[in-house]
Each structure stands twice: as structure tokens, then as C-alpha cells.
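J.: Chains C and H supply the protein sequences, listed in that same order.
Going by our numbering, the first sequence opens with residue 1, and the numbers climb by one from there.
Going by our numbering, the second sequence opens with residue 1001, and the numbers climb by one from there.
Quick caveat, the hints were computed from the structure, so don't treat them as lab data.
Note that this is a predicted model, so its numbers are computed, not measured.
Here a beta-carbon is modelled for each residue, glycine too, at the ideal position from N, C-alpha and C.
Careful: at least some of the hints might be erroneous.
To be verified - DEER-style ranges, computed between Cβ atoms:
#, chain 1, residue 1, chain 2, residue 2, range
1, C, Val323, H, Glu1147, 35 to 43 Å
2, H, Gly1038, C, Gly61, 33 to 41 Å
3, C, Arg269, H, Glu1121, 26 to 34 Å
Protein chains: 2
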Amino acid sequence: MSNPAPVAPSPAVARFMDAQIEMAHGAGGKATRRLIDGLIAPILIGPTAELGDAALVELGGAALALTADSFVVRPLQFPGGSIGELAVNGTVNDLAVAGAQPRTLLVTLVLEAGLATDVLERELRAIAAAARRAGVSIVGGDTKVVEHGRADGIYITTAGIGIKDARANLSAALVRPGDQVVLSGYIGDHGCAVMLARGGMALDAALMSDTRSVWPMIDRLLDAVGPSLRWMRDPTRGGVATALNELARDTNLAIAIREERIPVRDEVRGVCELLGLDPLHIANEGQFLAVVAPEGAHDALAAIHAAGGHAAAIIGEVREVPVRTVIAESAYGGARVIDMLVGDPLPRIC
Amino acid sequence: MSNPAPVAPSPAVARFMDAQIEMAHGAGGKATRRLIDGLIAPILIGPTAELGDAALVELGGAALALTADSFVVRPLQFPGGSIGELAVNGTVNDLAVAGAQPRTLLVTLVLEAGLATDVLERELRAIAAAARRAGVSIVGGDTKVVEHGRADGIYITTAGIGIKDARANLSAALVRPGDQVVLSGYIGDHGCAVMLARGGMALDAALMSDTRSVWPMIDRLLDAVGPSLRWMRDPTRGGVATALNELARDTNLAIAIREERIPVRDEVRGVCELLGLDPLHIANEGQFLAVVAPEGAHDALAAIHAAGGHAAAIIGEVREVPVRTVIAESAYGGARVIDMLVGDPLPRIC
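In isolation and in its complexed conformation, chain C is listed as follows:
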């Protein structure tokens, strides 16, 4: 998640002052930002650490992208996927949006004593199948076991190593007013599918997680408009709203999106209305956001469409002001500020 290249002068980061860790600190929104920027990153990486999806480093003469994620999704299985697939695709996508071709994975497991072997085997097969589909090889890992009641079935951590793609030159520092914001497809499918899988909701929507590798789409995108591509991000925990707020903060610019252009399925809209949530805050697992120079926007969209992302859309643009702010404009001329996710309406979504 770290890219140590400084992007824009940030205001001083507030030290993390909460006395203890709460679920909201893991939700990917404001509380997570405060924990990461105010405590974890300054100690582990350094006072001026800027965090991207994957770190770009040179090792032994190779330009590599490195990333790691832990997966604690509950339940382990949900329509459209399971923790094993998520653990592969989530890490592969962090490499892809950093402009790196995913190549190699390490997989570690923390197993809860009492876990049924057939559940473990099912998730191992899900990991292997997702890795095969994503074209990455699993080269190692580790397995630990903790007492019953000290985990929740299986927690999976994947570390991914990719090779930086020469066609990609991505940085928030390259984003300019007028650049277009492209979204790869429907939002909120993953978060809503997991919520429905937990049951207890008088709702029977046919929703599936969108978990998949986005590298094939990004590969086409790099071919079509590589030099026009400025920035990418996969809007997982915290959703599109959080990813765009991070972009606004890192660029010191404004992001204006058009509400009616954002692809949202009726089922997702229904679940969100029922729960008082904004689809822009719901986690996605198989989507990405791209900022493209104006002259490349049309071709970028065509490339994603051609790669199977039929719902992809240009959802907005970068503006000068209001700085560090995301604005959603409606077709009728209204506008509202879109904040990062606050609190944790959806614990353990990935």
C-alpha cells in the first residue's frame, strides 16, 4: 500500500489519539486514514510516507511493485466469491492499479482450531483457481493455527510481486484540472453481496460480488492510452468516495462527478436505500478508477468496453477548486460534497 514518492505538500498529519482500536479503524474510511497516517505509516515507513496501492521499488536491477493485504471477510463464502478468491484478486488488483503486471504471490493462513478440513480445502482450491485465472504463480507461504475462538475460520494474507509495466507512468502528481475520471463498471456489488450473505435482511436481491482480476482490462487500457493515463486506484474498502477523496487530498485539487453517470445496479440502490448507505461508500473488488488526460478519455473508455467492462463510464473530471474536495453534481444542477466513509457500517467486507 505504500509509495514513498512524495506527491503534494500535505498539511501536518494529526497524531492518532484514540485510546483503543475499534471496528471503524478497519473500515477503510476516515478512521482507517487516521490510524494509518497518524500512527502506523509514520512509525513503520517514515514521517512523510505517502501510501499507494503498491510500493514501486528497484531490487537487483528489476523495477518491481510490492503489496500485501490481509483478508478477514465474513462470511467466508458469499454469492460470486469467497475469501480465497478475494485474497488473490485483491492483491493482484493492487499491483495492476499501480501499473504493474502481477506475477507472483505468497499466501499465509491463520487457521482457527476446529476448522473443518473441507472448508479449508475449498478455500485452497479457490485460491489456486483465482491465481490461475489471474496468471500469477504461488511460490510460498506459511500456516499458523490458533485456538478455537481466537480467529474466525480462516484469515488469509497475500503478498504480491509484480513487474512495473513500461507503458505505465502513474502518479497523483501528474493529475491536472480537466483530466477525466473513468470508472470500470458497476459499484457496490461486492459490499452488498457480502451484506446479504450475512442474512438477517428481509431482502432477497440477486447480487454477486464483482471479485475478479482487473489486469486484463488495465492491460488493454495501457495499450490504448498508456501515455494519457495519470492515476489508478481500486475502490475497495471505503468505496469510490474514499478513493476519490484520497485523490483530491493527494493532488490538492477537486474531483467533480456526475451522479447519473455512475453505474449502480437497482439491487444495490435498493439495499443502500434500505440501510441508509451511499453506494459510493460501498466496497468493490473488481473495479478500478482511472484518471486520464482529456485527449485520451474516449479511447480509454473504448478500451475498457472492448475488454468486457461494458458498464464502464466517464463519471467526472478533475477541477481546480474546491481543493481537496469531491463534489457530486446531479442532472438537475444540484451538488453535494461527498465525504470519505465515516464509521463502519460494513465490518469485515474483505
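For this one, chain C is given, so just place chain H on it according to the hints.
T.: Below, chain H alone, put in the same frame as chain C:
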């Protein structure tokens, strides 16, 4: 932990038949082997996967070593170290014994809701300090939070990337009868220190974990006897007995060790006698085993001594028979077979 290079023809691996996961499957001994060789490795890596401490892969023209480990040690702090230090040194050492210079770490955290921020901060500082001492940079990671009662304070996963050292050419396939087995220092300190830290034992031994990076010692060793060095391993979970049994199995040879040459502190001997354990089965965190061609053994020992490993010793040798067996001989002419660790006397030792 994986090295896909086939080493010796292995008998067919039995499929893992246990119906559920038990603590013993995480102890690093026979049950762990059955789980890894009979279920996890065949599905994730392939049917003929041979597992080392780190995978050696070529990526983007660079010869890299990759490894990942999860850490679930209980309690979080113990004399001589804590989970944060362990998470750095354990992964760094897996790279070092693979003959790679540790360079870069990714760190992911699974935090239990309710964890005190000062405990988290203490472990973050332990991670940062250990990384500094080991000369590795932390470039990224991830943080997840689970409900209170779904973890045990903090679980840490570290992935490490190292650069293969040109002085090292290590493989069980290179081990020959007559090669000498060198041990870097006292065994059992880590496992006994963690056990004592759990309390409940009417024993007040002054024992400290041996957690440290072994790379400085291995660096000296490679300088001194690089071409004579055949194989290395860090004897963590399952102890020296398990590491040597894996060597015997992978080489199809015998390993004969001399009991009286194995450096064991009186305090470790005392704890083990009290609990009916063999120090050879106790986990170490800052030691390594090396197999050296006979002509290099003396210089290898001298190099480890010079690097601060004052208790290092030549503890035995490789023989033709009995194949796939570890034998411990006493000074009085007795001999016993040393098996891998069976069961889990020491859960969550790392």
C-alpha cells in the same frame, strides 16, 4: 517457504485425512508436515512442490528470494522480544538461510477490536527497530480489524524480499555423506522463554528469546566458506530435530549428531526436564543450521565465532545410512533416533 526445485525422489505423499484442524497442525512438526505436504502445497503450488524457507525466483531479470510468515505468538511480549521483533527477524532469517540478502518487508496487521493503542504502538516501534537493525526497509502493508474475541490482540504477517547472494549455492541435492553439520548457538532459548512468560510454571529461570537477524553471521560465513556451504535452515517451530529430519528426508541420507556437542543452557535443560520435552524440539528464532563440506567445516565454525556466535559448534555429520533418519549419539556410545516433533506441546510459539 517454497522452493520448487525438486531435490530427491520422495515417496508418494499421503493425502491429508484429518477431518478438522487442530493446534498440532500449527506446531511445525509431523502434523504440520502432513497438512502442508498432503493438502496445502499440492493445491497451491503443485503436486511435486518441495518447500524451503524462501522461494528463489527470477523476476524482471533479478534473482530474488521471497518468503512470508504469519506471527501469532502468545503472549505478545516475552523476555528478549515481542511479536513485532519476531515478525521481522523470522522473515529476514528465512531469506538469510536461503542465501539471500534481506532487503524489503511488507507488514500486514490483523487487530482485535479493543486492543489498546499503546500496545499497538509498542509493537509498531518494535517492528521498526528490528527492521532498522536488520537493514531492511518496510515499503507497505495493510491493516484489518476484527471483532473482540476474533483474534488475540495482534496477528502480524510479514513478507520479505531478498536478493540472492552470488556467494551462495544451496540445495539439499548438494549434500553428501561426510558433510559436517554446524549449529550457530544455544538451542531452545526462544521456546522456553515464551513458555515461561505464560506463567503458571513454578520456575523462575532467567531465559531470554534469542530473536535476532542471523544475516550478519551468514554474511561472514558466505565470505569464509561460500563454495563449501551446501544447505542452511533456521530451526524455528519443531526445533533442530524437525529441521534435521526434513534434511534427512530431502537428501535420502542420515544425519548423525553428537548429543554432548549441542549447546543447551542449563535453564533450558531444566525447563525441558520439568515438562518432559527434548530441547531438540524447542523453537529457536535466532539460530541456523548449516551443512558444510568437510574441508570447509573448521573455517565455517571460525567465521560464526568471529561474527559473535560464540556457542556455535559442529554438532554432527551426514552419513549414508540409515536413510531418512536422524540419529543422536551419546559420548558413551549410545544412540537414539530423533523424530520430528509430534503433537503440540508449545502452541503459538511464533
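J.: Is it true that glycine 1038/H and glycine 61/C lie within 33 to 41 Å of each other by Cβ?
T.: 39 Å, holds
J.: Holds or violated: the 35 to 43 Å window for the beta-carbon distance between valine 323/C and glutamate 1147/H?
T.: 38 Å, holds
J.: In this structure, is the beta-carbon distance linking arginine 269/C and glutamate 1121/H contained in 26 to 34 Å?
T.: 41 Å, violated
Going through the hint list in order, the structure does not satisfy hint 3, though it satisfies all others.
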